[in-house]
Amino acid sequence: MIMENNNLVEWISLNRKLARIIGGSFILLSIIIAIINMGTGSGIFGGLVILMSILSVVVLTAPLQFFKWPVLVTLLFISFIVEFFIF
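Residue numbers 1 to 87, in full-length UniProt numbering, belong to the letters of the sequence shown in order.
Be a bit skeptical, because a hint or two may be false.
[Said to hold, decoys possible] Here are the simulated lysine to any residue pairs, SDA-like style, with alpha carbons at most 25 angstroms apart:
#, residue 1, residue 2
1, Lys17, Leu55
2, Lys17, Ser30
3, Lys17, Met38
4, Lys68, Asn7
5, Lys68, Leu18
6, Lys68, Ser56
7, Lys68, Val9
8, Lys17, Leu48
9, Lys17, Phe80
10, Lys17, Asn7
11, Lys17, Ile32
12, Lys68, Met52
13, Lys17, Ile31
14, Lys17, Ile86
15, Lys68, Ile12
16, Lys68, Ile32
17, Lys68, Ser13
18, Lys68, Ser53
Treat the hints as calculated values from the structure; they're not laboratory data.
Sequences are here, hints too, so could you generate the full structure?
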């Protein structure tokens with residue numbers, strides 16, 4: 001796999017336990033937010049569907065290094081603007 005090392009990758013490789021705790025807490029937080037917004041049953045189902053969709057995009061694009069950090073931040077910013085102003 002072609003991968004360039006940057007500070008984030010090095011930090012994750014050095015602090016595996018803390019990185020897993022942070023990642024797990026983000027997943028749990030997203031499921032809780034989905035449950036609050038959609039209700040218990042549909043929140044769990046919707047949260048897991050959204051999580052699987054995002055992770056499949058990550059798995060497909062990560063080895064190609066298709067997205068760089070500035071592109072990801074820009075896409076995130078645009079998606080927040082679209083979400084809050086249109087919906």
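Practice problem: Would you check the hint for Lys17 and Ile32, treating anything up to 25 angstroms between C-alpha atoms as holding? | Solution: Roughly 22 angstroms separates the two Cα atoms, so the pair holds.
Quiz prompt | Lys68 paired with Leu18 [C-alpha distance capped at 25 angstroms] | solution = Holds: Lys68 and Leu18 sit about 24 angstroms apart, inside 25 angstroms.
Quiz prompt | Pairwise hint evaluation, Leu55 against Lys17, where the allowed Cα distance is 25 angstroms at most | solution = OK: Lys17 and Leu55 at ~20 angstroms, within 25 angstroms.
Quiz item: Is the Cα-Cα distance between Lys17 and Ser30 25 angstroms or less?
Solution: Holds, at roughly 20 angstroms.
Exercise. Please work out if Lys68 and Ser13 have their alpha carbons no farther apart than 25 angstroms.
Key: 19 angstroms, holds
Quiz item: Given the proposed pairing of Lys68 with Asn7, does the C-alpha separation stay at or below 25 angstroms?
Solution: 14 angstroms, holds
Quiz item: Quick one, are Lys17 and Ile86 close enough, alpha carbons at most 25 angstroms?
Solution: 39 angstroms, violated
Quiz item: Holds or violated: Lys17 with Asn7, Cα cutoff 25 angstroms?
Solution: 17 angstroms, holds
Practice problem: Measure nothing beyond the straight line between the CA atoms of Lys68 and Ser53; if it is 25 angstroms or shorter, mark the hint as holding. | Solution: 20 angstroms, holds
Quiz item: Does the structure keep Lys68 and Val9 at a Cα separation of 25 angstroms or less?
Solution: 13 angstroms, holds
Quiz prompt | Holds or violated: Lys17 to Ile31, with C-alpha atoms at most 25 angstroms apart | solution = 21 angstroms, holds
Exercise. Mind checking the alpha carbons of Lys68 and Ile32 for me, to see if they're no more than 25 angstroms apart?
Key: Given that 25 angstroms is the threshold and the Cα spacing comes to 29 angstroms, the pair is violated.
Checked against the numbered hints above, the structure breaks hints 3, 9, 14, 16 and satisfies the rest.
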